[in-house]
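A.B. asks: Put chain B on the given structure of chain G with help from the hints.
Sequence order for the protein chains is G and B. Take the first sequence: its position 80, counted from the start at 1, is 80 in this note's numbering, and no numbers get skipped. Take the second sequence: its position 170, counted from the start at 1, is 170 in this note's numbering, and no numbers get skipped.
In case anyone wonders, no lab produced these hints; they're calculated from the structure. Careful, some of the hints might be misleading.
Unchecked claim - Cβ-Cβ distance ranges computed for the label pairs, FRET-style:
1) I21/B x V10/G: 25 to 33 angstroms
2) A175/B x A58/G: 23 to 31 angstroms
3) V9/G x F160/B: 41 to 49 angstroms
4) Q129/B x A58/G: 47 to 55 angstroms
5) V103/B x L14/G: 43 to 51 angstroms
To be verified - Some chain B residues close to chain G (C-beta under 10 angstroms, calculated; not the full set):
6) S18
7) P51
8) D52
9) A54
10) I64
11) V67
12) A71
13) E138
14) D143
15) V146
16) V150
17) F170
Unchecked claim - Chain B regions said to be covered by chain G (calculated; three or more residues, Cβ under 8 angstroms):
18) 55-61
19) 152-161
Ideal placement from N, C-alpha and C gives every residue a C-beta, glycine not left out.
Each chain is listed here by its residues.
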Amino acid sequence: MKPNLILHVVSKFLIPLIIVFALYVQFHGDFGPGGGFQAGVIFSAAIILYALVFGLDAAEKIIPSHVLRILASFGLLLYAGVGVVTLLLGANYLDYSVLGSTQIAGQHLGILLVELGVGITVAAVMLILYFAFAGRGRT
Amino acid sequence: MIDILINVTLLAFLAITSVAILRMTNLFAIVMLYGIFSLLSAGLFVVMDAPDVAFTEAAVGAGISTVLMLATLALTRSRKRGHEGDYEEKPSRAHRPWLPLAVVGITGTALVYGTWDIPGFGDPNAPAQTHVARYYIENTMSDTGVPNMVTAVLASYRGFDTLGEVAVVFTAGVAVLLLIGGRRPKSGAKVKSEGGEDEA
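Bound-form chain G, shown alone (with noise of 0.2 angstroms):
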């Protein structure tokens, strides 16, 4: 890939921000718009415009294929993970009041665990599209 100094610089400034940005909405969603599928698209924006001014061997060497099958499914298995949990605690699937002390506290870490569930997949299913799609053309 030819060298441009503009966009290197201009995105090395990016990237940082967009994905603090993604984080920001994964973390604040529970208080501004925005939740783990927001996120995880914005997070995997980052990586594609890395990819895409750096090349795509550059950008799988930072989330390597492999990688991202895992994450891909660690993200759902957390989601239903915390339904397992709560089923155990002695509640209904998915009923994120017995996890913490409080009913407020439950609630607040099941959601929290559950958005994240749903960032990682959402994420790294992103990036197995566009790897896939633009890993395609090339021998």
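C.D. replies: Only chain B this time, still in chain G's reference frame:
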């Protein structure tokens, strides 16, 4: 008043974008217009006080799907078939516009007729507001302590639905991997053994 002005402007731009998409033959420009269409929709959602939906529309519709469509274009070609250079479509077979036009006209009339029964935007007596929405509005803070009601409904009250949605996203990723994923063949000799590993 200003809301109406913004709504009319955004909807007019949406209509203009749709017509432009219909009339264009350069797929690259069409993909860009799809992104603009999504961004305008996101603006409309913001005006309708639905920032969560607007967020998703802007990130997915204008961001990711545009990149994915561009990546697809890189694999295929960027012009419609039969438009290599000339913009005039040659009528290769008998093209009868009347049947599709009639179907579209009847469907459109039926849809417009259907909107007469839809309650007005933000109508407090609409069925959607009187059923479970009232319960959510009154009890979200005491049940979950989460100020953003959308998050509370998505993650807690409707946790099953969201679990299903995540499963759908995951399944989509698996499907793409099965269809066009796998390791890229780096050199001809190694292709077979690596392909076998992937399927195992």
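A.B. asks: Determine for every hint whether it applies to the structure shown.
C.D. replies: Here's how the hints hold up against the structure:
no.	hint	in the structure
1	I21/B x V10/G: 25 to 33 angstroms	30 angstroms, holds
2	A175/B x A58/G: 23 to 31 angstroms	27 angstroms, holds
3	V9/G x F160/B: 41 to 49 angstroms	47 angstroms, holds
4	Q129/B x A58/G: 47 to 55 angstroms	51 angstroms, holds
5	V103/B x L14/G: 43 to 51 angstroms	47 angstroms, holds
6	S18	24 angstroms, violated
7	P51	4 angstroms, holds
8	D52	5 angstroms, holds
9	A54	8 angstroms, holds
10	I64	6 angstroms, holds
11	V67	6 angstroms, holds
12	A71	4 angstroms, holds
13	E138	16 angstroms, violated
14	D143	7 angstroms, holds
15	V146	5 angstroms, holds
16	V150	7 angstroms, holds
17	F170	5 angstroms, holds
18	55-61	holds (count 4)
19	152-161	holds (count 6)
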